[in-house]
Every structure is written in C-alpha cells, then in structure tokens.
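Chemist: One line per chain: the protein sequences are A and B, in this order.
Positions 1 to 540 (our numbering) are the ones given, in order, by the first sequence.
Positions 1 to 434 (our numbering) are the ones given, in order, by the second sequence.
It is possible that some hints are incorrect.
Unchecked claim - Across the chosen pairs, the derived CB separations fall in these ranges: (1) T468(A) / T193(B): 21 to 29 Å; (2) L433(B) / G380(A): 44 to 52 Å; (3) T193(B) / D506(A): 42 to 50 Å.
No lab work stands behind these hints, which were simulated from the structure alone.
We put the beta carbon where it would ideally sit given N, CA and C, even for glycine.
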Amino acid sequence: MRLRLLLAAAVSTAVAPASPAADAPAPRPSVPALIDKYLDAAIADAGVTPAGQADDATLVRRLTLDLVGRIPTAAEADAYVASTDPDKRAKLVDRLLASPGFARHQAALFEAMFYPEGNGRGSGAFREYLTAAVRENKPWDKVFREVLTPDETDPKLKGAAEFVRSRVSDADKLTNDVSVTFFGVNVSCAQCHDHPLVADWTQDHFYGMKAFLARTFDNGGFLGERGYGTVKYKPTKGPERTARMMFLTGTVVEDPSGKEPTADDMKKEKAELDKAKAAKTPPPAPAFRARAKLVEVALADANADFFARNLVNRMWHRYFGAGLVGPLDQMHSENPPAHPDLLAALARDVRANGYDLQRLTRGLVMSQAYARSSRYESEGRPDGKLFAVARLKPMTPTQLAASLKIAATDPAALDGKPDEVEKKLEQLEASARGFAALIASPSDHFQIGVGEALLFSNGDRLTKEFLTDGPGTALGRVKTMADPKEAVGFLVKTAFGRPATAEETDALAAYVGKRKGREADAYRQVLWALVTGPEFRFSY
Amino acid sequence: MPRSHFCRSADHALNRRAFLGGLAAAGATLAADMTQLNALASPGVNAALKKTQKRVILLWLAGGASQLETWDPKPGAVTGGPFRSIQTDVPGLRISELMPEMAKRMKTTCVIRGLDTKNGDHGSGAKVMMRGRRDEAGLRYPDLGAVLAREMGRPDSTVPDYVTFYTQTEGRSFAPGDAGFLGARYAPMELTTGSSPEYIKKLADMTDADHEERAALRDLVGKGFAAGRSSETLSSQSEAYGRVRGLMASAKLFDASGEPAAVKARYGPTQFGEQCLIARRLVEAGVPFVRVARAWWDSHGQNFETHQEMVPELDRVMSALIDDLGERGLSNDVMVVTLAEFGRTPSINASLGRDHFASAWSCTLTGCGVKGGSVYGKTDEKGQKVVAENVDAGSLFATIYSALGINPEKNYHVGSRPIPLVNPGVEAVKAVLK
Chain A
1 MRLRLLLAAA VSTAVAPASP AADAPAPRPS VPALIDKYLD AAIADAGVTP
51 AGQADDATLV RRLTLDLVGR IPTAAEADAY VASTDPDKRA KLVDRLLASP
101 GFARHQAALF EAMFYPEGNG RGSGAFREYL TAAVRENKPW DKVFREVLTP
151 DETDPKLKGA AEFVRSRVSD ADKLTNDVSV TFFGVNVSCA QCHDHPLVAD
201 WTQDHFYGMK AFLARTFDNG GFLGERGYGT VKYKPTKGPE RTARMMFLTG
251 TVVEDPSGKE PTADDMKKEK AELDKAKAAK TPPPAPAFRA RAKLVEVALA
301 DANADFFARN LVNRMWHRYF GAGLVGPLDQ MHSENPPAHP DLLAALARDV
351 RANGYDLQRL TRGLVMSQAY ARSSRYESEG RPDGKLFAVA RLKPMTPTQL
401 AASLKIAATD PAALDGKPDE VEKKLEQLEA SARGFAALIA SPSDHFQIGV
451 GEALLFSNGD RLTKEFLTDG PGTALGRVKT MADPKEAVGF LVKTAFGRPA
501 TAEETDALAA YVGKRKGREA DAYRQVLWAL VTGPEFRFSY
Chain B
1 MPRSHFCRSA DHALNRRAFL GGLAAAGATL AADMTQLNAL ASPGVNAALK
51 KTQKRVILLW LAGGASQLET WDPKPGAVTG GPFRSIQTDV PGLRISELMP
101 EMAKRMKTTC VIRGLDTKNG DHGSGAKVMM RGRRDEAGLR YPDLGAVLAR
151 EMGRPDSTVP DYVTFYTQTE GRSFAPGDAG FLGARYAPME LTTGSSPEYI
201 KKLADMTDAD HEERAALRDL VGKGFAAGRS SETLSSQSEA YGRVRGLMAS
251 AKLFDASGEP AAVKARYGPT QFGEQCLIAR RLVEAGVPFV RVARAWWDSH
301 GQNFETHQEM VPELDRVMSA LIDDLGERGL SNDVMVVTLA EFGRTPSINA
351 SLGRDHFASA WSCTLTGCGV KGGSVYGKTD EKGQKVVAEN VDAGSLFATI
401 YSALGINPEK NYHVGSRPIP LVNPGVEAVK AVLK
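I would like the entire structure built from these sequences, with the hints used as guidance.
Modeler: So this is what it looks like as structure tokens:
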C-alpha cells in the first residue's frame, strides 16, 4: 500500500503539466547538469572531496570501451589527447554513438540483460533485432512493445519474439524475467507467499503478472495467445484463488470476454491453430490480447514510473558500474535508491523525451560525475554510493577479447580512412569471438577465477591468436626497433593508450635486456605482462 | 534450538514448500557479507582452518545407479532381480552380492535408504542432487563443491578448491559443476578429457624461469595501477594470478604414476580407479572437494548386465579408497559420498531395464562425522516407496554439512539478501551423525 502511495505521489509530480501561473517555463536542465546537481549536493552533504576529473587518455579509453566495447586505437587516443577543441568530448561521444560499433556493443549488453543466464547469449535473430533497434535508436517503450507483442509476420521483427518464445514453456520464469528485465522487480519471492519484509510484493503481484503471460504458448515456432485462461494459486491462508491481471502498481485489467470455451470453441480453435501451423504463419490473435494489455498498462501514465526508473537504473549501472538502486532487480520501497531525487528526475526526463536511449546515454556520459578519476589516493575514500570516485568496471568477454586484438595489432594498420578502420575493427572483433567464449561474463560482485589466470598464463590460444609477430602486428613492428626502451614504450602505448612511465620503461627494458639473442620471446612476454594486468582488464 | 528465519514468516513452520520460492532482498540495513572472503586471508585463520579442514570425495554415479543392485537389495521380491543379498560386517545389514568388498567394510559407512527426491529427470535431478535444492527463477544456487570450496578453500591455496573429473561424455552436460551465485572464484576445475587439468602446465616453448619472471613483471606493472584503486574484482584478479604458480606445482598431484604398485593395484586398472586414487592424492594435499563421475548407469535396458559390470568396479574402487584413507589417518577428515541424480525403478521393464526413480533410493556417506554401520530409511518389500525415515535432497545436504562441521543455517548474501546453505526449516538427519 505504502508503495502505491509513494508512486502515486511521484507520478502526480512527474506528469503534472506546467503550472499555468508560471510565465515562461524555465528551460529544463540538461541530463548532465541534473546528474551533477544532485550528486554534487550529496557529496557536499557528506563532507567528502570527490576524485578529480580523469585525464584525456583515461577518458577516451573509458568512453570508447563503454560506448563501442573496445579500447581506442592509438590514432583515436592520440587525436583526442592532442585536440584543443573545447567540445572534443561531446564530439567524440557523438562520433561513437553514430558508429556501427555502438550498435554492436550495446546490442550485446542488452542481449546479456535479456539472457542473464548462459553467459548472456540469446539467439542470433534476437541479437540482430537488438542491433537494428540500437542502430535506429528505437525508443525503449517500442522495444518493450515489440519484444512482448512481436509482429511475427514482419521478418525484421521476428527475432524480437525470441525473448518470450524461449521462456514460453515456463510461465513462472517468463513472469519473473519480464518483471526483472523491464521493471527491475524480482517477484519470484512472492510466488510462494507474500514477501515477508517488502510489503510491496504479495502473491497477488506475482500471479497478477503471471495472469498476463500465462495465456501465451508456442504454436509451431510462432507465439500464440489464447483469449481465455486463468491463473489459480493457493495462498498461504485460505482457499484457492483466481488471479486477476494486475500490474505491479496494483492496476487491475478486467477481461470482459474471458470466459471458458465450450467444447465446440476448442475444436474450432484447434483447427485454426493446426491451419496456422501447416501454413507456417502466426496463429490468429484473440480479441483480448493479455500481453498487449500488460504493455498498455505498464506504459500508462499512472504506472510508467517503474518502466522509466528501471531503464534509467540499468543504463546508470552500465556507465557508472553500479546502479542507483542495487541489485538491479530489487526496486521496491524497502530498498531505496542511493539518490532518490536524481533517479526520479532522470526517470521524468526519459519519459518526457520518449524513452530516447541515445539522449539518456549521452547525458550520462557527458556528466562530470562520469568523467571522475577512478583513483583516490588520499585518506577517507568516499562511500561508493556517492559516485565521487569512478568505479573499475571489469570488461565483458567481448570487450576484453576485442581489445586484446587491438592491442596486438600494429597501430599503423588501424590508422587510415574511418570506413576502412571501422571495417578492420569489426573483423578484429569477429576474430576474437572464439576466445571471448572462454571468459566469464561479469556480474555484480564479480570475482575473476583462477581458471582465467591459468588460461592466460598457460593456454596457447592467447599466444597463437593474439600475441603473434607477423606483419601488421605490434610485436612485428617491434622487431624493427633497435632500442629496447623505444620498443617497450611502444608496447605500453599500444596496450594502455598512454606513454610509459620512466620506471616502467626501465623495468621492461631491463627484462628484455636479460634476454639477449631471444628478443622476440622477451617482447612477447612483455606484451603478455601488460595485457594480463589490471590496467588492461578493467575499464577504469 | 529455535530457528531463525530471515523472513520471520510463520509460513515456514507450516509449509516448507512455501519457502522454495525464497525471499527477495531485504532492506538495506543488512550489509553484504563480503568481509568473510577477506577474513580467510589472515594467517591466523588459515592455520586454524588447516587443522580442522574437512574434505569430500563425491563418487557421482551418473545416470542413476540402481539401489536394488547396490545398497537396498530386495531378493525374492518380484522387483528384486536375479542377484542375491549378502550379509555385511554390520549385524542385520545386507547389501547386494555384487559388493562383496564393501560388505566387509560397512562398519565404516552409513547407508541412507530413504531418499525421496521427487525429480526423475537427468538434468534437473542432477541439479537438485548437486545443490540440495532447486534453483529459483532468479537465483542460481552453488553446488556442494562450490560451497565447500568457499567454506574450506583458502585464498592463498596452492591447490585447487574444487576439482571434478567427468571423462565419459554420457550425461556430462546434465551435471556440470556450478558455483551459482558464488561466482567464478569457486567454479570447479573441470577435467573432461583425461586425468590432468587444462592449462596447469606451462607451454613447452617457455622456460620455467621466464614463466616465473614474466608473472613477476606482470605484478610489477600492475602495482602502479592498483595504487589508489579499490575493487572486489581487482583483488580477485590479483589473487587468481597469485595462485597460478602454486597450482602449477600441484600438477604432480594429478599424476598417480609414482604411487606404489600395490596401491595402484588396489584401485584397479580402470580410469575410475585411477581418478579415485588421484582424488585421494588431492584431498591429502588439501583440496576441499573432488568429484569423480562414473558414467553411465542409465540402464533402461539390460539393467542387470550393466550392474553386473559396473557395481563390482564401484565396490573395488570404493573399498580401496576407504582403506587407503583409513590407513593414512584421514577417515575423520575426508568424507566419501556415493550419490547420483536418482535411483532406478523397482519394476523391471520389457527390455529388462529399470527406469528413472527418485521416490525410494539410496546413497552412502563414509567418514568424518558420520556414524559408520548406520542405516537410515526403510523402503517397502518391493522397494516402491519409503515407509520410514524419509530423506529429501535438502536434509541430505544439511546432514553432509553438519557432519563436516559446517552450520547448515549459515548465510551467504546475494546483494543484501541472506541465503542459508540449506532452505529454512530443512533439518539434518541427526540419527546418522556422531
């Protein structure tokens, strides 16, 4: 009940039209300004000093990894660091948002969100759908609608059906996964009894959500939906109940036509389904479409806050390495956000702007908070919830493998016409996929296992697929350098995108110096020591 | 002792099933319990752990061995099959004649005959029997090996924490080792192609000195980066690389060729025997959990031929392992478990096979805090159902944890949500605990 009141209050302020008494509406603050206003106030309240802004080399690496899923090429990093354009960051962000790598990388991240199990892989068709959606900057509410109620006659949208289809045999899982993915709410706890500590979630919520989804079934590879069918459940007390279709906010949807079919109806239905199956077409939709009703009610003004807040929280998590609400599937009144007003303001903004992912993304990464350094050397490291210091983000398997390929490539081979470089980068990414499959996907509280350390230390794939020294490779290029200091400096630059420190140059050159006559091995080992280290493994 | 249910719901007193869906995260007042990981790193704690560390060897009878041809024979019943039962060294306890060696050693072992685990599907049955419960829609539980790796493993350990041998291909994908929410740090070292793990030996074209100095160079460069930075994942990476050289030194543990001929002979010439001998070497060196899978017991046809061939091997290897551990003074520190995803139907099908059966089957526990010679659970004359002392997967796991000195009610935390090792309300079988 409490939640409903809270939400009602939030929603009424969110959608209230500008007061007619106001003269001219004040211009809306930009997303970065919103973020910095709220966070700076919280940091000041806490009496801590935030980390300073990251340097250019760090920022270009962070933005490139976060937006397009790889480290920058040396040419990209150099150009950014050297530029004196005061708008260089905004221009870089715009270039990255428009690049094909953005669609590929973001689609992979969304895919992992839709398929949190199985190392984040769905079907190829689903990935294609997501890639196209990101490329077109499809509004997130439209993605939601297409994923839940896909038009399977449109070949471009067929992949969208995979999310529901792959869960159709388990309505409980479908119910929970829809709630978690789109609303940040894990209702599985309320499957067996009302949530004991979180008053928000009762069995009515779980079965209420399930009632929208339980009429869905597979009909010869297409999604079918019945116009009837109820969900019954046994509450912890009292007799069995029939669940009403109820959204998480308590909004109930009545199905006026929903009566049990007669034997005749069933026969007719079966004939229609068989016909559709034989014709390989989607079965006819019922007059009352429960999944479509769920979409409608979830996006209605009075209820859309869940949808908007979840989107903001997930995108915040993507760029800041932790959610404003964490864990991501625990958005409820007992687990308040780190910065409630900020989350509310961003949710309002994303609703007012048509769930525009690029706008939100640009806003997040253009904030000062995003650009803080991840290093904090003085005493009294601020609480992570203040976002006063940037978090280290472990790379995803594809980020890591693609970045390894780039670090192992001669930077000269990645410097040229943008189109050609882009094509080359895409090839490198594709060639890294096999190795990426050997690496674990990060989650919150991710721990790197010894398996990864053994694979990198003793597996031959890193050596054979990445640390080669033929033409066009970084190690090949090093062969042409007579001075070990120049050579190790070059390797540090290709791996880390920054100049080597004097200590690093000395230590690495000394390592090579001890291996006279087998310099090729020595340089390979130097590059190994760089790319297996934490500076390479993380986005920092 | 009064139970403390995190959710404090009275429902659990009434209805255990009601809890299986679990709880979602609690309020933010409960901090995540990540400190325990670091607590293990202090040397004082290590020494204490080392002294009391218990270990487990799980003999995984993949596909489902028949309880009727092993631990719960029903000679003479219509369901009994052709084999007789024989008297063991425990008065009143008879097992299948296919296990003459174990019959001489039942004083060491506890038989649980009342397993009723409800799940007769290979994949989900194996999941339940390796975790002690079903996964929830939003939560993947760690399996027994991962829990022991977490409880008994040490951050600086020079041996792996969780090793699993599964060399045959049948059923392997049904029962992978899985650290669930505990994460990659506790994932098993899986051996599927032979008896020596992948990547444990350096590449041949590299000298050992280079391998070692290269690692030192990596650490040196990384040190500058780590200054002023702090993250759980960053520490785990440095810990993982820190263990590489030690683990490589443990490669020799996987090579049993140097064992005395008499010891090797005792385990027999099979790969299962060899891997059990390696398992003994591993636990002796401090590996907390080793699973040796033997496949494929799924005898839908010709059940009796299958068991006539496979049970004697199990009998020989298991008794060799128990003797070996005993002679090395490890009986109180190492538990040997035989378990599968389920047992087999008492009724014999038209192909003279037995099918999947999870309502009345058996497993064994040997060593540590388990009462040798005890039998828990009674099935009816035909073996169709448990008539007394029913044990489900949860209470079996609570029993194993208790015997190892681990409190089954101990909580892990996923986010802020506390997750006990076994579901609330699940009790250990005290009758078989010392």
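Chemist: Which numbered conditions among the earlier hints are violated in the structure presented, ordered from lowest to highest?
Modeler: Failing hints: none at all.
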